[in-house]
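Whenever a hint applies, use it, and build me the whole structure from the sequences.
Letter by letter, the chains look like this.
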Amino acid sequence: MEIRLRYFGQLQEATGKSEEVLKEAFDTIGSLRNFLIQRYPQLKNRNFKIAQDNKIDMDSSPLNGSLIDLLPPFSGG
Amino acid sequence: MEHKIKNIFVEGAIAPSKIAESIGHHQSKTEIGAHNIFLGQVRADEIGGKKVNAIEYTAQTEIANQVCHEIREAAFSKYDLSCMHIYHSLGVVKTGEICFFVFVSSPHRGPVFDSLSEIVNEIKDKLPIFGKELFEDQSHQWKVNQ
Chain W
1 MEIRLRYFGQ
11 LQEATGKSEE
21 VLKEAFDTIG
31 SLRNFLIQRY
41 PQLKNRNFKI
51 AQDNKIDMDS
61 SPLNGSLIDL
71 LPPFSGG
Chain S
1001 MEHKIKNIFV
1011 EGAIAPSKIA
1021 ESIGHHQSKT
1031 EIGAHNIFLG
1041 QVRADEIGGK
1051 KVNAIEYTAQ
1061 TEIANQVCHE
1071 IREAAFSKYD
1081 LSCMHIYHSL
1091 GVVKTGEICF
1101 FVFVSSPHRG
1111 PVFDSLSEIV
1121 NEIKDKLPIF
1131 GKELFEDQSH
1141 QWKVNQ
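In the order they appear, the protein sequences are chains W and S.
Residue 70 in the working numbering is what sits at position 70 of the first sequence, and the numbering runs on without skipping anything.
Residue 1131 in the working numbering is what sits at position 131 of the second sequence, and the numbering runs on without skipping anything.
Bear in mind the hints are in silico, worked out from the structure with no lab data behind them.
Hints are not guaranteed to be accurate.
Claimed, not checked - Listed next, the in silico PhoX-like pairs over lysine-lysine satisfying Cα-Cα at most 25 Å (straight line):
#1 S:K1006 <-> S:K1051
#2 S:K1126 <-> S:K1004
#3 W:K55 <-> S:K1004
#4 S:K1006 <-> W:K49
#5 S:K1051 <-> S:K1124
#6 W:K49 <-> S:K1126
#7 W:K49 <-> S:K1124
#8 S:K1132 <-> W:K17
#9 S:K1050 <-> S:K1004
#10 W:K55 <-> S:K1132
#11 S:K1124 <-> S:K1094
#12 S:K1078 <-> S:K1132
Stated by the list, open to error - Computed list of chain W residues with no C-beta within reach of chain S, every gap over 10 Å:
#13 I56
#14 L71
#15 F74
Glycine residues also receive a C-beta, built at the ideal position from the N, C-alpha and C atoms.
Next up, the structure:
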């Protein structure tokens, strides 16, 4: 299954991408996080939340969504 | 009372005339006895000798609208509120302009005083909105909420 990844805010600058498609399979949100940190070392010390199919989810949750969003710290208002 | 999910986002600054109109729309709701309004304005912070000119907002709007809906429903069940309006800017908002508008109404003043700060704080904490502070010299930094 393909997953579509979207990067938001400062994570677009960190990775140089706004989105991409991955063909790899991941058991959990956390395993995707580790994969991304390997791929983009500049993500290593950054704090970001991960959402799947428009819901923010924990690293321990199974990855079964097809739309994944990487969300840096929130700064609305 | 069930409410549907609303889109809180507007492109660019929130005009003062829109806020005035919004107040005016409540004149027909005569059960209301108290309104309370929070307005967020873009501040010209000076950082490392450079002044902020504007903030450019982006958001994961689907999640933001869903989470805002949950905050709204929680406030309606906790407080005796007649209505609630929430707007947040996307795109560039210049210093001195309004980027965030929260408006609550109730028959009495207690619920609007108590609910407003809670709603504003929750929105700032929980909605995936990202502010990019644009400086006069075209450089930028990512806003961090205090």
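Hints versus structure:
1. S:K1006 <-> S:K1051: Given pair S:K1006, S:K1051 is violated - Cα atoms ~35 Å apart, limit 25 Å.
2. S:K1126 <-> S:K1004: holds, 19 Å
3. W:K55 <-> S:K1004: Holds. W:K55 to S:K1004 sits at ~18 Å (cutoff 25 Å).
4. S:K1006 <-> W:K49: holds, 24 Å
5. S:K1051 <-> S:K1124: Within the cut-off at roughly 23 Å; holds.
6. W:K49 <-> S:K1126: Holds, at roughly 11 Å.
7. W:K49 <-> S:K1124: holds, 15 Å
8. S:K1132 <-> W:K17: Satisfied, since the Cα-Cα distance of roughly 17 Å is no more than 25 Å.
9. S:K1050 <-> S:K1004: Not OK: S:K1050 and S:K1004 at ~43 Å, beyond 25 Å, violated.
10. W:K55 <-> S:K1132: Cα-Cα ~23 Å, so holds.
11. S:K1124 <-> S:K1094: holds, 19 Å
12. S:K1078 <-> S:K1132: violated, 34 Å
13. I56: Answer for W:I56: violated, closest chain S Cβ roughly 7 Å.
14. L71: The assertion about W:L71 is violated, with a minimum of 5 Å to chain S.
15. F74: Non-interface label on W:F74 violated, nearest chain S Cβ at 6 Å vs cutoff 10 Å.
Checked against the numbered hints given earlier, the structure breaks hints 1, 9, 12, 13, 14, 15 and satisfies all the rest.
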